[in-house]
Amino acid sequence: ETAVFQTPNYHVTQVGNEVSFNCKQTLGHDTMYWYKQDSKKLLKIMFSYNNKQLIVNETVPRRFSPQSSDKAHLNLRIKSVEPEDSAVYLCASSPDWGRSQYFGPGTRLLVL
Amino acid sequence: GDSVTQTEGQVALSEEDFLTIHCNYSASGYPTLFWYVQYPGEGPQLLFRASRDKEKGSSRGFEATYDKGTTSFHLRKASVQESDSAVYYCALSPYITGNTGKLIFGLGTTLQVQP
Numbered sequence: 001e002t003a004v005f006q007t008p009n010y011h012v013t014q015v016g017n018e019v020s021f022n023c024k025q026t027l028g029h030d031t032m033y034w035y036k037q038d039s040k041k042l043l044k045i046m047f048s049y050n051n052k053q054l055i056v057n058e059t060v061p062r063r064f065s066p067q068s069s070d071k072a073h074l075n076l077r078i079k080s081v082e083p084e085d086s087a088v089y090l091c092a093s094s095p096d097w098g099r100s101q102y103f104g105p106g107t108r109l110l111v112l
Numbered sequence: 001g002d003s004v005t006q007t008e009g010q011v012a013l014s015e016e017d018f019l020t021i022h023c024n025y026s027a028s029g030y031p032t033l034f035w036y037v038q039y040p041g042e043g044p045q046l047l048f049r050a051s052r053d054k055e056k057g058s059s060r061g062f063e064a065t066y067d068k069g070t071t072s073f074h075l076r077k078a079s080v081q082e083s084d085s086a087v088y089y090c091a092l093s094p095y096i097t098g099n100t101g102k103l104i105f106g107l108g109t110t111l112q113v114q115p
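Protein sequences, first through last, are from chains A and B.
Going by the numbering used here, the first residue of the first sequence is number 1, and it counts up by one from there.
Going by the numbering used here, the first residue of the second sequence is number 1, and it counts up by one from there.
Here chain B stands alone, though its shape is the one from the complex (with noise of 0.2 angstroms):
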């Protein structure tokens, strides 16, 4: 079945530090795949999406390209801040036939920032 894998459970980073966090994905055709993050109380919410090869997302300094060709989704920010500790998970929405609608999400990265 059509999957998304985070790799890192956790990251501690300091402020002005460069993230990266890996996301794959296994689907067939061409999902919509998806970047959420979640503080603590709240909802996920949407940081964007992406639906074609090499298309690419952005919000708030947070960035990913979508890649057919490596199945990734690596979200990336040049510099983070205190404020950007969250969880933040990667989700796809199946290309297909009767889609239901569902997001499958991995299973989020906890970033925490120290000042």
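Extracted from the complex, chain A is given alone in its bound form (with noise of 0.2 angstroms):
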């Protein structure tokens, strides 16, 4: 059963653009993420936050920000778009810090 929403399931857009993508929990978690997937399929952090804070990865590009709104919902906006942000974008939410994590079935951009 699925309780992390990610919407739009699949993005393609041109370098230089600006996408933003949506992620809701109906879990009642705290803390919630985002992952990037590589064509390899490796996964990295890139933030998480948790009642209003935020940890940043010092490996993100500036372009790239969170946006939260409450608890129950981060997006994810990328202000100009490169050909390397090609991935899979993977929100996930934890009931708190270190705990199990849950993931959405992910956001899939090509950047042409």
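If you are wondering where the hints come from, they were derived from the structure by calculation, not from laboratory data.
Chain B residues, not near chain A, derived (Cβ > 12 angstroms throughout):
1) Glu16
2) Asp17
3) Ser26
4) Lys54
5) Lys56
6) Gly61
7) Gly69
8) Ala78
9) Glu82
10) Val113
11) Pro115
Covered stretches of chain B, as calculated for chain A (at least 3 residues, CB under 8 angstroms):
12) 40-51
13) 102-112
Please read all numbers here as calculations on a predicted model, not as lab measurements.
The C-beta atom is built at its ideal place from N, Cα and C for all residues, glycine as well.
Mind docking these for me? Both chains are given alone in their own frames, and the hints should help you get the complex.
Spelled out as structure tokens, the structure:
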């Protein structure tokens, strides 16, 4: 049963465009995350967000920014996409730091 | 820094074969260890977790035992089925003050089971 929802499923865009991905969780969790999964299936944390505290991974380019309206929503904006941004972006949530994380189905981004 | 190593990139088995996917970690203290499974077109799903030395996690016939001495958390299943075909990830959550909650994943192991 899906409890972490992501939209869109798939997005194709041109280099330099701005894109925004949405994530909503209905689990009542306090913490949400964004991960990037590249073409080799490698999963890397981008951001974690807990009670309005944002933790930014230092390897994430500045064109990426998370946006949260409440603890159930964490969106991801990419200001000016680059070809290397093509990947699957996975949203996850957990009850608290370090607890088991539950993932959404992902948004697949293709940058032409 | 903390890391997870999965030895096998790809594993090909027949139904009813025995499965072992090796996972070794590098981290201080007692990190929490996880196994996740990812089916095509879906996000990773938690199989199980373990937080203490000698603790055994299990789910759906899969199991792994936390071994701090060998820093390992190997995944095993006695008899695989075609439906087990997926990508398996070993992951850890560091045990540190101010833990950001991030998961550190291994590179993943693609399991293909032939009928």
